[in-house]
Amino acid sequence: MNGWNNKVLDIDLTAQTYETYPLDMEIARLFIGGRGLGACLLWDLVGPEVDPLDPENVLIFTNGPLTGTGYQTSNRFSVTTKSPLTGTILDANSGGFWGMRFKKAGYDVMIVRGKASKPVWVEIKNEEITFHDASDLWGMRVFALTEKLGQNNNKRNVLCIGPAGENLSRIAAIMNDRERALARGGPGTVMGSKNLKAIVVEGKTRPKIEDKGRFKFLLYESRKLLAASPVTSQALPEFGTVVLMNIMNNICALPTRNHQQSQFEGAEAISGEALTDNYLVKNDSCWACPIGCTRISKTDKVKGEGPEFESTWAFGAQCGIDDLPAIIEANSICNDLGLDTISAGSTIACAMELSEKGYMNSGLRFGRADQLAPTLEAMAARENVGADLADGSFRLASKYGHPELSMSAKGLEMPAYDPRGMQGQGLLYATSNRGGCHMRGNMVGPEVLGLPKMIDRFQVQGKSSFVTLHQNVSAAIDSLVICKFTNMGVAEEYFARVLSAVTGIHYDTGELTQVGERIWNLERLYNLREGFTKEDDTLPPRMLNDAPAEGPSAGRVVKLNPMLKEYYRGRGWDENGVPLQAKLKELKLVNLGV
Amino acid sequence: MPTIKLYANLRNIAGTTEVSITPPSGMLRSVSRESNLGACVSALIEQVPALDGVIVEDGQIKPYIVININGHAATNFDVPVGKDDVIAIFPPMAGG
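If you read the protein sequences in the order shown, they are chains F and G. One gets the numbering used here by counting positions in the first sequence from 1 and adding 15 to each. One gets the numbering used here by counting positions in the second sequence from 1 and adding 875 to each.
Isolated chain F (complex conformation):
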């Protein structure tokens, strides 16, 4: 079989040793790579007795058989671990160049175990693995560290944590290639708990492709499809993802001031149009990507990648702030400190509401753009008010007696789509295996943009089937590992064909989607084993009980219970959300001893 390198790198930080061994190809066939492989390995390696910050927790970096082949967006990679923020299974994935380089260094998987006795960084040059003392690097911010360790997109790629991860902020990100992020759920915290500052990789070996002629033809066809789609050829390159700000506001589904409202009077000022007109330098792209959705923005204080829609929303509408330069600067600060922008912004918003209501004495107030930068610095350093905010909104709100004011699901802060204006999105957040997340099957396509077709965003009955399909396809794409924006122009059947051409194993669309379903069910089982129950498939009370007073979503709350019943049934689970034996057998999970 081609595509995979058939090689696992297993690093023990405690002993500062490593070994390599073949990848289990039966597992690879069933789970492909990326998120799928990560879930399968984590199931075996980390059980309920392990705290996320124990040395026994692991970081599993994975790529997929398409990574590094040059197929559209074949640059992405995943990290899987147990989340220190939520306690669930966590995978995060990132773009840029590091994932491609790690594949070209000759590996499919890197498992990082144990804990170094003092800070280290690891250098991978093909088969040469070196542990370096990072004592003099500890404390360095991401941008300076990335440069110091020799970042070069074409040759040598740096993955690292900033001060947030070192100080064990539970919303710390792992950063790669300077400003790309494995952000959600605290993977940077786990890396910091291991005293691991950075992993630098060099490698040049292209992965082997089984049917080169067919691959070349599919690459050509995919490129034409992406060029023909107005979304991937015009919308994303010209405006980036922030272009969603105005449409979400228009339909009254833009969470504002910690989800107290669903429309923001300052949305236009922080829109994609405003960013493009006033602060955009150019667009940019990851390796092997023809789309180019990355923004390079500049203010008087910063110049760099981003911001994306979620980040702009988190520091913008969610905090009641319409100062776009301050938001761009906050995004850059998060990248430099190694913080998840969504969780950081939403945690600040939670603190603003707690303070304005007199439950907390932080001085933070909605609309105060000047408070963003110093608060983020304090969070990364765990100093002053930052010590309270460093571990996310749920721990913050719980400490001050009002957990219901954390706008999170399973402890992960929800992103920029108010589920009271999108019923399907509400079900998505409540059932997502890593918590309040839109990237596990974003319903903005069918419920807002009419992609592929407009469905009634307020409809409840039947909605679960769309959510389930989106979740399964999303998981499959995360196992390849490619960018979901490719799916805006190229259908899943092409991914199945490309996978077949690269690996020599026949996959059709149904089998590929079933891989996604398999991954979803295994993740579910992992969380059940950790002690999560159907009671955790829920949303904050505000989403279930407090309707917006005016606007197009006025009077609406999320009708979760009927959707959940339908969802469990459709997934082949019992009334408690536990996968039935028949489903496990169908997905071949029983064969794995699950």
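Everything labelled a hint here was simulated from the structure, so no lab data went into it. Check before you lean on any hint, since a few could be wrong.
[As the list claims (entries may be wrong)] Here are the simulated lysine to aspartate or glutamate pairs, DMTMM-like style, with alpha carbons at most 25 Å apart:
(1) F/Lys239 x F/Glu507
(2) G/Lys880 x F/Asp337
(3) F/Lys468 x G/Asp927
(4) F/Lys468 x F/Glu419
(5) F/Lys130 x F/Glu545
(6) F/Lys239 x G/Glu932
(7) G/Lys880 x F/Glu507
(8) F/Lys219 x F/Glu143
(9) G/Lys880 x F/Glu253
(10) F/Lys227 x F/Glu507
(11) G/Lys880 x F/Asp338
(12) G/Lys958 x F/Glu253
Following the hints, complete the assembly by docking chain G onto the known chain F.
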């Protein structure tokens, strides 16, 4: 009069962010009382010819174009429009 708000590259094409439409020549019903979306879009294109071919294709809303009336999606041109309604037209977009 209904107001039409334009977004993203539609603004660049039209040279404006907002258009108050006036009844196009030959319309059967005045847009100041009641109309349908098709009449409003016809009026828009008559006022802003640069939008011809951008929003409408073969008499239907062009694929990938999203039209909301007061924040609610309209999927065909027969949807009624009141005189104080706000029509928002979005070009192809994506995000996440």
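Now for the hints, and whether the structure bears them out:
no., hint, in the structure
1, F/Lys239 x F/Glu507, "15 Å, holds"
2, G/Lys880 x F/Asp337, "20 Å, holds"
3, F/Lys468 x G/Asp927, "23 Å, holds"
4, F/Lys468 x F/Glu419, "35 Å, violated"
5, F/Lys130 x F/Glu545, "23 Å, holds"
6, F/Lys239 x G/Glu932, "22 Å, holds"
7, G/Lys880 x F/Glu507, "35 Å, violated"
8, F/Lys219 x F/Glu143, "13 Å, holds"
9, G/Lys880 x F/Glu253, "19 Å, holds"
10, F/Lys227 x F/Glu507, "20 Å, holds"
11, G/Lys880 x F/Asp338, "23 Å, holds"
12, G/Lys958 x F/Glu253, "34 Å, violated"
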